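Read top to bottom, the protein sequences are chains A and B. Its first residue numbered 2, the first sequence is counted upward by one per residue in my numbering. Its first residue numbered 572, the second sequence is counted upward by one per residue in my numbering.
I should point out that these hints are in silico values taken from the structure, not numbers from a laboratory. Note that the structure is a prediction, hence the values are computed from the model and not measured. Take the hints with a grain of salt, since some may be wrong.
Stated by the list, open to error - Here chain B is said to cover these stretches of chain A; the calculated rule only asks that three of the stretch's residues, wherever they fall, bring their Cβ under 8 Å from a Cβ of chain B:
id: 1; region: 83 to 97
id: 2; region: 171 to 185
id: 3; region: 188 to 195
Every residue, glycine too, gets a C-beta built ideally from N, C-alpha and C.
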Amino acid sequence: MKLLVIEDDRETAAYLVKGLSESGYAVDQSGDGREGLFLATSGSYDAIILDRMLPGMDGLSLLGALRGAKIGTPALILSALGSVDDRVKGLRSGGDDYLVKPFAFSELLARIEALLRRGAEAPTLTKLRVADLELDLLTRSVKRGDKTIDLLPREFQLLEYLMRNAGHVVTRTMLLENVWDYHFDPQTNVIDVHVSRLRQKIDRNFERPLLHTVRGAGYCLRLPE
Amino acid sequence: MPDSLGLLDARPDLTGPANEPARGAAAESPAIAAPRYWPSVAALIGGARRVLGTHAFRLAGLYFAVFALSVLGVLFFVYWTTVDFVERQTEATLDAEISGLAEQYAQRGLSGLVQIVAARSAGDRGDGMLYLVTTQDGRPLAGNISGWPSGEPAPSGSLSFQFELSDNGRTQTHPARGKLFEIPDGYRLLVGRDIGDAAAYRERIKLTLLWSGLVALGIGLAGGTLMSRNMLRRVEQVNRTAERVIAGNLSDRVPRRGTNDEFDQLAGNLNGMLDQIERLMTGMREVTDNVAHDLKTPLARLRARLELALFGPGDPAAQTEAIRAAIEEADRLLATFNALLRIAEAEAGATPDATELVDLAEIARGATELYEPVAEERGFALRLEADQAVTLRGDRHLLSQAIANLLDNALKYGGRGSGGDVTVAVRQISGRAVLEVRDHGPGIAEADRESVLDRFVRLEPSRSTPGNGLGLSLVRAVARRHGATVSLGDNQPGLKVRLEFPTGADTS
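All chains, full assembly: derive it from the sequences and hints.
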């Protein structure tokens, strides 16, 4: 997997390149908007991580130009501007995800993975399956083995998101944004309680737990090793 | 008009236009004398100069000019119609008399005419009629005037003249108006009328009108000046206040008179604006102080932790733990910082596009659903009372967060262990959307209810629980952004936070 990082702050760029390389990605980096656009249009990248404020050409114009050239490489915008309005602007100009600085590296990694999966995902999926857990998007029913599991609508959405990202870490913020559409951090650990409720329903009385807590990062739905 | 009254007689007429300037001068003298009563000439000149250059003065001047013009017009019209009426009446009397005598002449000849004239002349002079019949050479045949007046009659036969009238031994000259009737054979008949009374009446009217005109103009001038001075003074009050505010005295206010006129309203609006500015400035100062305190403390802790990791005993496990703790501290700092930014954002109204029609009940349902498991875990019953949609114009994200913060607070302080309910209620009450979050906790003492809405305020009992003291500040900021009021009340027992939003119905 090849990533392009367009970030002008040297320290942040070095931190990103180092972290992403250690996580197994091939990383190219540019500190200038125009050069970044040139790299993005010429090279073949699996995802682009770009800062919003860049010398030469700002991040949003860069994205606009890129999308104008019919290049659909998934892009994650990094920005210190965190209001809902800024976020909406970023997503409207062609960004696929928006992460507010400063951020935990695990959060960035989880989001990049989700971005990379989004491109590969079959759009006409009607059933999601992880081990013996099965979620039917048409009948909106969930089964584990032969046993039907009753879920509240929100629990269903939560499980759907976790299953779509099965095998990968999803952070609390990702859950809040994608399942609840809330763009703020509640002071209380509300997400943890929701997840533990879901866990009660899908993992209790089953031999192998599927929903795991990843310390310091978030959650992951997968078969235990 | 006076010209039409001009006498053909050579003797000057007292009512002529020539004497008007003299009267005018006499009438003006009191007006000129008036400034002597004013405090000082210098002040007057200074005031006049100040007044002259202003819009208020120009307005007053214009007003005065229009006023003076209309007053003069009205007075002149009154004068003209009155005098004209009296003159016409005289003319009509003369014409009637002449035509009557002419008829008599036609019927009874010259002797009959002379007889009638003699008879009429002999009568009392109360009606003021004058008669004279003369022969071809001007010898009087009958009548009550001694001789034919000098002066030539106008082609129409009208004639103004003077005659001597002796009354109680005193001889007086009276003005008269006459009409000539040529009798065939050179005889002439003059019918006249003593217009001494009419002239006096005209004089009287002239004088009355002149005085009332002067008085009206005087009042107009005084009123205009007073008006412009008054206006000027009030505008200057505003200007002086503005200057003092610019100079840095933010607490200065424009004085109000309580009359609720436009100037009072202007003063009120300006004062409201200044209040808002002052509140913002004070708020900003408080925030700066609070930020300095509440961000510096964790920063100092963070620094201490890192220093300890760097210079402390070289135990890798301890170092890792110190770094982990430092990251946690940094995260807390960031959370506080983000909360501050959120509040600032909500207060400044930096996201205008985000306003849309939202259903407050739906937003409350979402937030309640998010917190329901936490409530259950902590032994609360979280209930939602929202039967119908309550729409208002607002920012869904901010409203969600405000409700989430209220729930956070209620679950944190709302009578843990007492098994109390936490209720979220959304209702529409007479054009206002009302959101209430009620708990059965210890509540907040009345004295503290206002201050907990301020940034970083944490009441003593809650110091031990996690939190940054910004939750309710954000609620207030969001409420202000939506034009809503926040009130904290007693739920007996517990705390009741009530947000009242204006809905589209009454804010249009």
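Hint by hint, here is what the structure shows:
1. 83 to 97: holds (count 5)
2. 171 to 185: With 4 residues closer than 8 Å to chain B, the region 171 to 185 of chain A meets the three-residue bar; holds.
3. 188 to 195: holds (count 6)
In the structure shown, no violation is registered for any of the earlier numbered hints.
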